[in-house]
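Enquirer: These protein sequence lines are chains A and B, in that order. Under our numbering, the first residue of the first sequence carries the number 4, and numbering increases by one thereafter. Under our numbering, the first residue of the second sequence carries the number 2, and numbering increases by one thereafter.
Just so you know, the hints here were simulated from the structure itself, not pulled from any lab data. Predicted model only: the values in this text are computed from it and were never measured. Treat each hint with caution, since some may be false.
To be verified - With a straight-line cut-off of 25 Å between C-alpha atoms, the simulated PhoX-like cross-links for lysine-lysine are:
{"id": "1", "chain 1": "B", "residue 1": "K271", "chain 2": "B", "residue 2": "K22"}
{"id": "2", "chain 1": "B", "residue 1": "K27", "chain 2": "A", "residue 2": "K258"}
{"id": "3", "chain 1": "A", "residue 1": "K31", "chain 2": "A", "residue 2": "K45"}
{"id": "4", "chain 1": "B", "residue 1": "K39", "chain 2": "A", "residue 2": "K441"}
{"id": "5", "chain 1": "B", "residue 1": "K39", "chain 2": "A", "residue 2": "K440"}
{"id": "6", "chain 1": "A", "residue 1": "K124", "chain 2": "A", "residue 2": "K45"}
{"id": "7", "chain 1": "B", "residue 1": "K207", "chain 2": "B", "residue 2": "K27"}
{"id": "8", "chain 1": "B", "residue 1": "K97", "chain 2": "A", "residue 2": "K259"}
{"id": "9", "chain 1": "B", "residue 1": "K114", "chain 2": "A", "residue 2": "K341"}
{"id": "10", "chain 1": "B", "residue 1": "K98", "chain 2": "B", "residue 2": "K114"}
{"id": "11", "chain 1": "A", "residue 1": "K341", "chain 2": "B", "residue 2": "K151"}
{"id": "12", "chain 1": "B", "residue 1": "K120", "chain 2": "B", "residue 2": "K151"}
{"id": "13", "chain 1": "A", "residue 1": "K341", "chain 2": "B", "residue 2": "K236"}
{"id": "14", "chain 1": "B", "residue 1": "K139", "chain 2": "A", "residue 2": "K259"}
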Amino acid sequence: MLCMLLKNTENNMNKKIINPEDATNIVKNSIVKRRSKDSRLKLFGRVAIGLAVCFLLFLFYSIFTKGYPGFFQYYVTLDINFDRERIDPKGDLSDNSLFDGDASAIVNESLFFIIEPKGRKEKKLAKKIVSSGKDVRIAKMVKDDPGLFGTVTKVKFALDDDIDSFLRGYIKRETPESERRISDKVIGFIDKLNEEGRISYEFSDYILSGSASGNPEMAGIKGAFIGSILTLSVCLLIAFPLGVATAVYLEEIAKKNRITEIIEVNINNLAAVPSVVFGIMGLAIFISIFGMPRSIPLVGGMVLALMTLPTIIISSRAAIRAVPPSVRDAAYGIGASKLQVIFHHVIPLAMPGMLTGTIIGMAQALGETAPLLMIGMVAFIVDIPNSVVDPGTVLPVQIFMWADFAERMFIQKTSAAIIVLLGFLIAMNALAVYLRKKLERRW
Amino acid sequence: MNSKKNDLKSLELTVGDVFSKNARLKARNVNVFYGENKAIDNVTIDIGSREVISFIGPSGCGKSTFLRCFNRMNDTIDSCVIQGEITIDEENIYDKKIDVVPLRARIGMVFQKPNPFPKSIYDNVAYGPRIHGLSENKEHLDNIVEESLKRAGLWQEVSDRLSSPGTGLSGGQQQRLCIARAIAVSPEVILMDEPCSALDPIATAKIEELIHELGNEYSIVIVTHSMQQAARVSKRTAYFHLGKLIEVGKTKEIFTRPKHNQTEAYISGKIG
Numbered sequence: 004m005l006c007m008l009l010k011n012t013e014n015n016m017n018k019k020i021i022n023p024e025d026a027t028n029i030v031k032n033s034i035v036k037r038r039s040k041d042s043r044l045k046l047f048g049r050v051a052i053g054l055a056v057c058f059l060l061f062l063f064y065s066i067f068t069k070g071y072p073g074f075f076q077y078y079v080t081l082d083i084n085f086d087r088e089r090i091d092p093k094g095d096l097s098d099n100s101l102f103d104g105d106a107s108a109i110v111n112e113s114l115f116f117i118i119e120p121k122g123r124k125e126k127k128l129a130k131k132i133v134s135s136g137k138d139v140r141i142a143k144m145v146k147d148d149p150g151l152f153g154t155v156t157k158v159k160f161a162l163d164d165d166i167d168s169f170l171r172g173y174i175k176r177e178t179p180e181s182e183r184r185i186s187d188k189v190i191g192f193i194d195k196l197n198e199e200g201r202i203s204y205e206f207s208d209y210i211l212s213g214s215a216s217g218n219p220e221m222a223g224i225k226g227a228f229i230g231s232i233l234t235l236s237v238c239l240l241i242a243f244p245l246g247v248a249t250a251v252y253l254e255e256i257a258k259k260n261r262i263t264e265i266i267e268v269n270i271n272n273l274a275a276v277p278s279v280v281f282g283i284m285g286l287a288i289f290i291s292i293f294g295m296p297r298s299i300p301l302v303g304g305m306v307l308a309l310m311t312l313p314t315i316i317i318s319s320r321a322a323i324r325a326v327p328p329s330v331r332d333a334a335y336g337i338g339a340s341k342l343q344v345i346f347h348h349v350i351p352l353a354m355p356g357m358l359t360g361t362i363i364g365m366a367q368a369l370g371e372t373a374p375l376l377m378i379g380m381v382a383f384i385v386d387i388p389n390s391v392v393d394p395g396t397v398l399p400v401q402i403f404m405w406a407d408f409a410e411r412m413f414i415q416k417t418s419a420a421i422i423v424l425l426g427f428l429i430a431m432n433a434l435a436v437y438l439r440k441k442l443e444r445r446w
Numbered sequence: 002m003n004s005k006k007n008d009l010k011s012l013e014l015t016v017g018d019v020f021s022k023n024a025r026l027k028a029r030n031v032n033v034f035y036g037e038n039k040a041i042d043n044v045t046i047d048i049g050s051r052e053v054i055s056f057i058g059p060s061g062c063g064k065s066t067f068l069r070c071f072n073r074m075n076d077t078i079d080s081c082v083i084q085g086e087i088t089i090d091e092e093n094i095y096d097k098k099i100d101v102v103p104l105r106a107r108i109g110m111v112f113q114k115p116n117p118f119p120k121s122i123y124d125n126v127a128y129g130p131r132i133h134g135l136s137e138n139k140e141h142l143d144n145i146v147e148e149s150l151k152r153a154g155l156w157q158e159v160s161d162r163l164s165s166p167g168t169g170l171s172g173g174q175q176q177r178l179c180i181a182r183a184i185a186v187s188p189e190v191i192l193m194d195e196p197c198s199a200l201d202p203i204a205t206a207k208i209e210e211l212i213h214e215l216g217n218e219y220s221i222v223i224v225t226h227s228m229q230q231a232a233r234v235s236k237r238t239a240y241f242h243l244g245k246l247i248e249v250g251k252t253k254e255i256f257t258r259p260k261h262n263q264t265e266a267y268i269s270g271k272i273g
């Protein structure tokens with residue numbers, strides 16, 4: 004039958020059109036092939052999505068399992084005798100007076116009382132068990148509540164990062180003493196503290212409220228978090244109005260000619276320029292020519308704004324182009340001026356699309372490290388920035404720096420910081436979705 | 002003098018009486034080009050005040066293009082060039098001194114596809130008066146909106162839901178909303194570009210009735226594909242073919258005794 008069909012078609016080659024019965028047969032014969040192509044495409048699509056989901060799940064699993072312990076750390080509880088004479092010699096709670104005080108010695112005495120170190124060498128080792136932030140912690144406590152003076156109160160102190168790593172099992176007891184970072188003596192002290200029930204594993208009060216620190220147990224991401232918020236705010240304030248204005252001008256006002264075409268091509272090219280190039284440009288222009296200080300979120304935001312501008316312009320133009328021409332006709336037809344058409348109709352209708360593009364750009368900017376290294380935001384800054392002109396750093400740079408440090412505990416801190424960064428990102432995207440829905444709901 | 006001569010030249014092409022005694026809009030020797038392409042070829046016609054005139058002709062004959070010349074909607078198309086002269090009350094609308102914004106307030110337009118703004122019914126009608134500053138206060142604006150909706154025959158249907166979206170109305174209601182929006186700025190002329198082509202017969206009948214009523218107050222130019230519609234709503238009819246104005250005359254005469262053989266061919270269904 005197929006043979007006949009072929010013969011038929013051959014005969015029909017000379018004719019211009021195939022007769023309907025033959026056409027039906029040909030279609031019927033080819034349908035199986037076409038259907039299998041369809042189902043193959045479907046299968047490929049499903050496999051691709053499945054793989055993507057697997058990778059994503061694996062990514063989240065590994066980051067969360069690694070990063071989750073980073074939010075916790077080991078503490079030791081000590082009975083502190085809040086002796087005003089020794090902690091606050093001048094008695095006025097001033098920083099000077101507290102600094103002159105002897106809080107560290109009080110903590111050490113309390114510690115020695117439990118673990119009973121013998122001799123100068125052992126005492127020296129024992130002193131290192133508690134993190135060096137102990138005096139700062141006591142100073143803060145008495146400042147918040149001067150009523151503590153004269154009492155004996157249980158206070159929790161962070162343990163040194165090596166001890167922390169030992170307690171987590173990263174430093175093993177079985178390893179020969181010469182090859183591990185803590186000595187048998189110190190392990191003995193820790194066992195003693197454990198017996199007394201003095202050691203606890205708790206949510207870290209440094210990770211979310213501390214800033215960069217050389218001591219891993221005291222390092223936190225607050226400084227970088229605030230830095231990120233400040234930098235992104237500057238970026239948004241510059242890039243959004245500028246990007247939208249450019250898109251509106253190119254789509255609605257400019258005549259389509261050679262010059263606008265060249266501008267268009269260049270904007271599209273800029274979107275593909277590696278971000279580090281923008282960093283070098285920022286360094287050359289903002290810092291070298293304009294003489295702005297290094298490491299400040301203002302310059303960082305400006306550099307990131309340059310980087311996100313093309314993304315915002317391109318998506319805004321697409322959003323403007325998607326506004327139905329009938330709405331423009333209606334507005335022009337009733338006598339609206341160009342400005343009124345743009346501000347009353349085009350921008351409100353294009354806003355959801357523009358916002359999506361902006362959030363994508365912002366998310367990109369949030370995760371950007373390279374250009375910020377160029378303008379010096381990689382500096383080790385302990386102070387939390389209060390304004391856009393205070394030196395600061397941002398989350399991805401902080402992650403980059405921590406990942407580079409030798410101490411074992413920074414691995415957890417790095418993962419914890421990544422979780423915070425991802426949380427920030429998800430929050431931003433959620434905001435974008437919310438804004439979109441809200442703006443689109445107006446019919 | 003020169004323009005008189007040109008008039009005559011144009012008359013050679015056009016059959017019937019292009020002039021009107023109390024003309025509001027006058028088009029003289031209008032040519033429209035889209036790039037190289039000539040869309041309108043030397044058209045001369047008057048549009049009287051309080052007159053309903055329909056433009057008929059086969060698809061692509063340029064009737065919509067010509068209609069859009071009257072409120073300069075073709076300005077928004079970059080490649081479009083217009084030659085000749087169109088005057089409203091003896092003022093050339095293509096004069097450099099003329100601002101297109103007040104012109105479009107004088108000459109309203111209703112489009113082929115109903116295109117209410119994605120705003121409330123109230124805001125749709127109030128938009129024109131607002132941007133032109135036609136209302137003194139909120140109360141006055143309310144009155145304008147109510148009056149416009151009444152004239153457009155929509156008030157009864159929407160008076161209880163003025164704040165609901167205009168895009169939620171039915172097609173016919175949307176088109177009447179667009180008409181209300183156009184008359185809210187008190188224009189002198191209303192241009193209608195196939196206003197019923199997207200509507201069902203019942204909605205069409207309502208719009209036609211409305212056009213008939215509005216014809217007592219405004220000059221209305223309506224482009225239509227339906228000859229029956231032209232016959233029902235207009236007093237004068239102009240027949241376009243391939244960018245040329247072939248014949249103008251009283252609607253009755255055009256449909257019963259066309260003078261030009263092309264008109265006759267179109268009316269009797271031989272072309273178009």
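Enquirer: Against the structure, test the hints numbered earlier, and report the numbers of the ones violated in rising order.
Expert: Result: hints 1, 2, 4, 5, 6, 7, 10, 11, 13 and 14 break, sorted rising.
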